[in-house]
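First to last, the protein sequences are chains X and W. Under our numbering, the very last position in the first sequence is 354; numbers go up by exactly one each time. Under our numbering, the very last position in the second sequence is 354; numbers go up by exactly one each time.
Don't read these hints as lab results, they were simulated from the structure. Hints are not guaranteed to be accurate.
It does not matter which identical chain is meant; a pair holds if it fits inside one copy or across any two.
[Said to hold, decoys possible] No farther apart than 30 Å at their CA atoms in a straight line, the calculated lysine-lysine pairs in the DSSO-like style are these:
hint : residue 1 : residue 2
1    : Lys-282   : Lys-339
2    : Lys-282   : Lys-346
3    : Lys-344   : Lys-282
4    : Lys-180   : Lys-106
5    : Lys-180   : Lys-339
If you're wondering where the values come from, they're calculated on a predicted model, not measured in any experiment.
2 protein chains.
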Amino acid sequence: MISVRPAILCGGSGERLWPLSRQAKPKPFHALLSGRTIFEDTLLRCRGAGEGVAFSDPLVIAGAAIEAPVREGLTSAGITPAASVFEPVGRNTAPAAALAALLAQKQDGPDALVLIVSSDHHIAPVASFRETVAAAAPLAADGRIVVFGIPPTRPETGYGYIRKGEALGEGFSVAAFEEKPDADTAAQYLAAGDRYWNAGIFLFRADVLLSELARYEPEVLHAVRSALQADNHIDESAFAASPSVPLDIAVMERTRHAAMIPARFAWSDVGTWPSLADALDKDGDGNVLAGDVMAIDTTGSYLRGEGVTLTALGVEDLVLVATPDAVFVAPRERAHEVKQILTKMKSQDREDLL
Amino acid sequence: MISVRPAILCGGSGERLWPLSRQAKPKPFHALLSGRTIFEDTLLRCRGAGEGVAFSDPLVIAGAAIEAPVREGLTSAGITPAASVFEPVGRNTAPAAALAALLAQKQDGPDALVLIVSSDHHIAPVASFRETVAAAAPLAADGRIVVFGIPPTRPETGYGYIRKGEALGEGFSVAAFEEKPDADTAAQYLAAGDRYWNAGIFLFRADVLLSELARYEPEVLHAVRSALQADNHIDESAFAASPSVPLDIAVMERTRHAAMIPARFAWSDVGTWPSLADALDKDGDGNVLAGDVMAIDTTGSYLRGEGVTLTALGVEDLVLVATPDAVFVAPRERAHEVKQILTKMKSQDREDLL
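Based on the sequences and whatever the hints tell you, model everything.
Shown next, in the form of structure tokens:
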């Protein structure tokens, strides 16, 4: 059994899940997929031993603005992290991965195996997730930076793609990382059968990642090393000096050590209300009803009443999310455009609702 | 100029305007049609002199459960009523009209002219309303019980109809009162051109009404006389002994003194969200947006955010009413069926929301 140090990144705002997701309590801190918050689901998925992998206590790397809900979630899930660090400013995932590697080395030595996961994804079942980590572990131990590839199920234009190369252990080498495609290209990718979505999940040896960062983005590594203090506090001005860059661009697209492991689990970034609804079981009328909802003659809809009783009569294919101070409604096929509402709110100085 | 004593009846619950209208604060006490509540609009419509009629201070006859919002509304409108009485139990409009007649006689003597109006109707413009009252006044002074008839604009099945007889002053005698029709009959009524909706607005001499009640429903009159005390308190057990009966059935369908005056004003009972929307001006997209609402690419909809920010994107022909504890959504053509929701709530012991 291989020991793996999970590093949970809590970054993105989940804006498109407004009005539930707010700046002070973004997406990971809501019970959207189960009775627990997505953050707690993530913590519980990455602990204990089984399916060929033993997770040690997690590293948690989060924005300073969400320290309170992060600490609440840890307590609520009964998890004591090996370390929690709070970034005073956001610098994307390359600095966060560097922090994870440095913290893991403190715990486990230079060749610590680090699993980078996001705090706000839907992943199921847990056993298949663990099996995928176990399958990737020998590649990572062997010096590969392994990215998890999700077999695509639709011509999605919102994700980056990975084109697989030749077989490598239980995975593949990476022929290319490909940017978010247009619709035609996405359809070609889907038809080709050799593409995978890049879900931002990585397994690597800490020393390998740090050496590749030193080679390709030395400013990131320097800033992070300078910023991380003995007590895991992060010095703001040192950290802010890092370039803001995703791990994919900083390392993955350049390194000769990339590998890809096909995910054996169902995955969604649940980035929008419709994609969240897609990830959940429907009732007999094709609805997902969450919270305090009463629906009559209603079909194909996602209805969420959070601290509010939501009632619907005769509606079809609607997304309606109600909270005590804000409500959002849209047809299902347009609910992903909620940012139009947020943009308008900002222009009207309604930041109180964001 | 004829002096008229308005008697404002605050009874019905306005259930179909849920979730705004609640048992403790029903329809008349919400600002649905203007910046003031419907009750205040009604009070202000029935005061002062002009267009041939001088309204004296109103009588207010309300259910005991809504005494608080009634008193608030009077204060807010700056109206001191001639008398306010609060019925300990509801017994429909015949006893309420009897109360109005008795109270008016105390103020104005036996032949007081009493105008019975509901507290929760849309009526506009005010001048046309007053002109209609002035036109009805000679008939009432002459001993007729005058019902206001609304020229029908659609084959409505939700109202009773009045068939006009021969001309009588500026109005007509009544050939027949007709029950709520089925759809075919309503279409025939509309085509015939001799029917009017019965809007429950009456003008009569107090002595005439009381004598007709004594003739046709003596138990109502006896109960009301026994119940009404010198300080305008209503004794519960005496009042509860009255039959529960509408004025139309108790008197209008039986009396030989009925007359009908065609209304010169626009009228709606604003009983449902769609009928409320119909009574209001639309924006360029055919929407009525009330309260704190942000709508993008939205057409033909009634959206109300009451103590909540309501946002909509890309919706069509929807009714959505949001309050801090309850939300209702339905397609416009089904929004009148909101009672289905209320029935289900009652069956689930959710009386807190009614």
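Each hint tested on the structure:
1. In the homo-oligomer, the alpha carbons of Lys-282 and Lys-339 lie at most 30 Å apart both inside one protomer (26 Å) and across protomers (26 Å), since each shortest distance falls under that limit.
2. With identical chains, the CA atoms of Lys-282 and Lys-346 are at most 30 Å apart between copies only, with a shortest distance of 26 Å across copies and 34 Å within one.
3. Only between protomers do Lys-344 and Lys-282 lie at most 30 Å apart by alpha-carbon distance; the minimum there is 22 Å, versus 32 Å within a single protomer.
4. Taking the shortest alpha-carbon separations for Lys-180 and Lys-106, neither the intra-copy value of 36 Å nor the inter-copy value of 82 Å comes in at or below 30 Å.
5. Proximity of Lys-180 to Lys-339 under the C-alpha cut-off of 30 Å is restricted to the intra-copy arrangement: shortest distance 19 Å within a copy versus 49 Å between copies.
Of the numbered hints given earlier, the model fails hint 4 alone.
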